[in-house]
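> Residues per chain, in single letters:
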Amino acid sequence: MEGSILIVDDSDIVVKSCEGILSPEGFLITGTTNSTDAIELIRNNDYDIVITDINMPGIDGFELIRQVNAVKPSVGIVVITGFASQKNIREILQLGIIDYISKPFSPHTLLETITKAMYLVKKIKAIAAEPATEPEAKKKTDALNNIINEYKATPGSLLRVLESAQDLIGYLPPSVQRFIANGLGIPVSEVYSVVSFYPYFTMKARGKHHIRVCVGNACVAKKSGQVMTRLKRNLNFNEDNLTADGKFSYETVRCLGACGFAPVVEIDYDTHGAVDPDKALDLLKDYH
Amino acid sequence: MPAIKLKSSNISNKKLTIEDLKAIKDSYKDPRAGGAKASILVCGGSACKARGSAKIQDALIGQLNDIEGDVSVYETGCNGFCNQSPVMTIYPDMTLYQAFKPDDVPSIVEEHFKKGQPAERFVYKDLKDKKSIPSRQDIPFFNLQSRRVLNKTGLIEPDDMDAYIYHGGYMALAKAVTEMKPQDVVKEIKDSGLRGRGGGGFPTGLKWEICRLRADDTKYVICNAGPISRSIVETDPHSIIEGMIIAGRAVGAKRGYIYVREPDNLFILRRLHTAIEKARACGFLGDDILGSGFDFSIDVAFGAGTFICGEETALIRSMEGKRGFPTPKPPFPAQSGLWGKPTIVDNAETFANVPLIISNGKQWFRSVGTPDSPGTKIFTLTGAVNLSGLIEIPMGMTFRQIVYEVGGGMRKKSVFKAVHIGGPTGGVIPESLLDTPITYEAIAAAGVIVGSGNLIVMDNNTCMVNEALNAMEFGHGESCGKCVPCRIGTKVMYDKLLEITSGRGKMEDLDMLADLATEVRRTSLCGLGQTSPIMVLTALKYFREEFESHINDKWCKAGKCTKLSTFVIESTTCTGCGSCARKCPQGAITGEKKKPHLIDQSMCVQCRSCFETCPFNSIRIEAGVAEEVDSW
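First to last, the protein sequences are chains A and B. Mapping to the numbering used here: the first sequence position 167 is 167, numbers consecutive. Mapping to the numbering used here: the second sequence position 519 is 519, numbers consecutive.
Warning: the hint list may mix true and false statements.
In the DSS-like style, the derived pairs of lysine-lysine whose C-alpha atoms are separated by at most 30 Å in a straight line are [to be verified]:
| no. | chain 1 | residue 1 | chain 2 | residue 2 |
| --- | --- | --- | --- | --- |
| 1 | A | K152 | B | K341 |
| 2 | B | K554 | A | K223 |
| 3 | A | K72 | A | K204 |
| 4 | B | K14 | A | K223 |
| 5 | A | K152 | B | K482 |
| 6 | B | K125 | B | K14 |
| 7 | B | K583 | A | K232 |
| 8 | A | K279 | B | K560 |
| 9 | B | K254 | A | K152 |
| 10 | B | K125 | A | K223 |
| 11 | A | K72 | A | K116 |
| 12 | B | K482 | A | K279 |
| 13 | B | K115 | B | K55 |
| 14 | B | K412 | A | K279 |
| 15 | B | K557 | B | K594 |
| 16 | B | K25 | B | K37 |
| 17 | B | K14 | A | K232 |
| 18 | A | K223 | B | K55 |
| 19 | A | K279 | B | K563 |
| 20 | A | K232 | B | K491 |
| 21 | B | K131 | B | K37 |
| 22 | A | K103 | A | K140 |
| 23 | A | K223 | B | K563 |
| 24 | B | K341 | A | K223 |
Just so you know, these hints were derived from the structure itself, not from any lab.
Please build the complete structure, drawing on both the sequences and the hints.
As structure tokens, then:
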């Protein structure tokens, strides 16, 4: 079976013996007796499974599991422990591991447990990669990871992450929201609550050029409604406010703060003021 | 000598001392004095940009090559004269050219520089006697205003640090950090009577004092640079930064944030980043500011749209990366704000007033305005007036003065109906209250708010029921959903108003609307719920007969509610000129030449184009065609 595994145990014998059992089966094995090094390794490599001891000097197994969950939530964890009391096991299981093995264990148990765990991890990864239906999101996974890592340590940075993600992908479909929630280690519901609250965020794809028509009261008084009607009539937006060729999309916004020269239409980042409804379509000429 | 296009000069990009500040102030060549022969200040405000101010600058550079002597071209921030855009002023004689096209530049240069006289065609003409007024300072629009916060706009390049310093910039900061103790700064602001320009009108000095007296080590200063403040950020970003640093010094904060609501407003962001960078390079931000031992830094923070985040507690929540839900006050942000630390939140206009007060003193600040509302207030003036734009008027000026003097009176064919004040959650003031002075108290007494400082002059084509409907659409659309009165009350009012505008209203709805609006105001947690029903209340209070005619006569006299109006041609006055028929997009108007025309009501979509086109005022708006009432 394929898959990469990291073994962390302060006893060199355990590491070596696990390696001896697992590598002939086709697994790619890395072993370390230092849990601090282990975190560094996990951060820089993509392991499918981490096998870890609980009682270790320095960073213990509990802390290691917590950190793995924070850094790489998709990594499956299997615990090897010599202190298999019921209470201990319950605590370990609560950390969200796949399975545990009590010392001493037979090679057969180890192999069976790890094969099962690997099967599970692969399956979960396949489900998590489901946004294959949204290819643009998948392609940009790495870029998204960079964004998440950049802001991860800053408190209150969810808005910034979402803004950058929307900049990158164009919109925030559920798969991206899930990805960000995982990456930041916060519930998906929290991400969704923010995305759905702020009008800047969109869960629908936008056109190549995005038109914003201001419907603040100064603009309405100066006929932004007619500008809107004119654009709608000529561009045939679908129910997602997108044209058939994906070139233009629109939304109405409330006050762009340029009331002095109402009505205002913003296309991409350009502000057009004092728009004459009759000439609204001319604005689109420069956007190909 | 060929003309040169000057971009911000970079004399000051090292850490400055107070002596350096004075030296720059003395040595800076003011473009208004005319570096050599003349200086041309082209307005780069949004309106002028939209009308080709960049092309105008290029055309000027091209044309000025064969003019003798140095002529420099500058791009300034918004002049506020947006109605007449594009605008440019030639110093030293202050000739203001307006409403021209880039193609007109050669003839302006020819007349102004070669013939030595103002190019008549493009100077401002008085609205009444049509006399030319070439000089900027003689134009009533400008000289009726009291430009303090906006005193540099239109005169300096927004990114030009030296120009800002020349106009007294950062001298207030120098004074605040070297000559004054923090408590003196707070006292000065408190005594000046400055009140929050963000709409609420809370005394700024009091807020600062609450914050200053908190023992916490960490405190924050936040500038809310929402759309309302766009004009100041665009034209004079350093005045905001200077005000924030002084605020930080006064309350003991070391970090400031400028909160921008739209993260994609690149123009504003670039301007802010440039200004912050320059202030940092010059040592106005960072450690040991001007050798005083005081440290302060400013970062730009973002929201993600939504109106509610203009409310200070909601703004703070959104800076913490959460939904922008307001929280109950107290505790006020000045006690417990961002991350639970004492925080001052003020809008950009408030901060821009601070350096002026510190430099010139409280007496100077109080020299305009009223005792309770001293100073000036910036408004955007728009609607059915002749001159719309950005204005700064002394507090205490009446609405009548603004509409008829600063704004140049009503447009042709427009009859005054009301002034809408306070932005989307504001209300209307009828003609009978036009003499109300603009002070926080008088405006509150009239039942409206200063709000975002947006004045819309409404004419007889405005339907107040429709305006109330729009306000409620806004109210329920922007409600964050936290409090029931605001979330549901606005929706219920919206539904009722929709019924009235579509002819299904009942008289008892009016009392219900008034009750509900009052309750929503009374029981909502934050400023949004407390103000969004104002339009309903003021419309009912001052224009009740309009609601009654909608309900009883099924007649929207302004012709805005399509189901309650029909457009009819008055056969006695129609000359049969056919201009309406040509304009009608539906082809619903027929008639022989020089004979009264007729509108086919079945085809009419009530677009109003005939009504607006008719040179003889022969289109009448009548009651709607009685609709079958649903009988279920």
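> Indicate, hint by hint, whether the structure satisfies it.
Against the structure, the hints:
The suggested pairing of K152 of chain A with K341 of chain B holds, with an alpha-carbon distance near 22 Å, which does not exceed 30 Å. Proposed proximity of K554 of chain B and K223 of chain A is supported: the alpha carbons are some 24 Å apart, at most 30 Å. A C-alpha spacing of about 28 Å is found between K72 of chain A and K204 of chain A, which places the hinted pair at or below 30 Å, so the restraint holds. A threshold of 30 Å between alpha carbons decides the hint, and for K14 of chain B with K223 of chain A the separation of about 49 Å lies outside it, so the pair is violated.
Taking the CA atoms of K152 of chain A and K482 of chain B, the gap is near 29 Å; set against the 30 Å cutoff, the hint holds. Between K125 of chain B and K14 of chain B the alpha-carbon distance is near 46 Å, which puts this suggested pair outside the 30 Å criterion. This hinted pair checks out: K583 of chain B and K232 of chain A have alpha carbons roughly 20 Å apart, not beyond 30 Å. Note on K279 of chain A and K560 of chain B: the hinted pairing holds, with a Cα-Cα distance of about 23 Å set against a maximum of 30 Å.
Between K254 of chain B and K152 of chain A the CA atoms are separated by roughly 24 Å; this keeps the pair inside 30 Å, and the hint holds. For the hint pairing K125 of chain B with K223 of chain A, the CA-to-CA distance comes to about 27 Å; that is within 30 Å, so the pair holds. Pair hint K72 of chain A plus K116 of chain A holds up; C-alpha atoms about 20 Å apart against a cutoff of 30 Å. Only pairs whose Cα atoms come within 30 Å are accepted, and K482 of chain B paired with K279 of chain A is rejected, the gap being roughly 41 Å.
A hinted pair counts as satisfied when its Cα atoms are at most 30 Å apart, and K115 of chain B with K55 of chain B qualifies at roughly 24 Å. About 23 Å separates the Cα atoms of K412 of chain B and K279 of chain A, which keeps this hinted pair within 30 Å; it holds. Distance hint between K557 of chain B and K594 of chain B is fulfilled; the C-alpha atoms sit about 28 Å from each other, no more than 30 Å. Taking the CA atoms of K25 of chain B and K37 of chain B, the gap is near 21 Å; set against the 30 Å cutoff, the hint holds.
Annotation: proposed proximity of K14 of chain B to K232 of chain A is violated, straight-line Cα distance about 53 Å (limit 30 Å). Restraint check for K223 of chain A and K55 of chain B: the C-alpha separation of about 28 Å stays at or below 30 Å, so the hint holds. Straight-line distance between C-alpha atoms of K279 of chain A and K563 of chain B comes to about 28 Å, which keeps the hinted pair within the 30 Å bound. Under the criterion of a C-alpha separation no larger than 30 Å, the hint pairing K232 of chain A with K491 of chain B is consistent with the structure, at around 26 Å.
The straight-line distance between the Cα atoms of K131 of chain B and K37 of chain B is roughly 28 Å, inside the 30 Å bound, and the hint therefore holds. Under the criterion of a C-alpha separation no larger than 30 Å, the hint pairing K103 of chain A with K140 of chain A is inconsistent with the structure, at around 43 Å. Taken as a hint, the K223 of chain A and K563 of chain B pair is honoured in the structure, with Cα atoms around 19 Å apart against an allowance of 30 Å. Between K341 of chain B and K223 of chain A the alpha-carbon distance is near 45 Å, which puts this suggested pair outside the 30 Å criterion.
In terms of the numbered hints stated before, the structure departs from hints 4, 6, 12, 17, 22 and 24, listed from lowest to highest.
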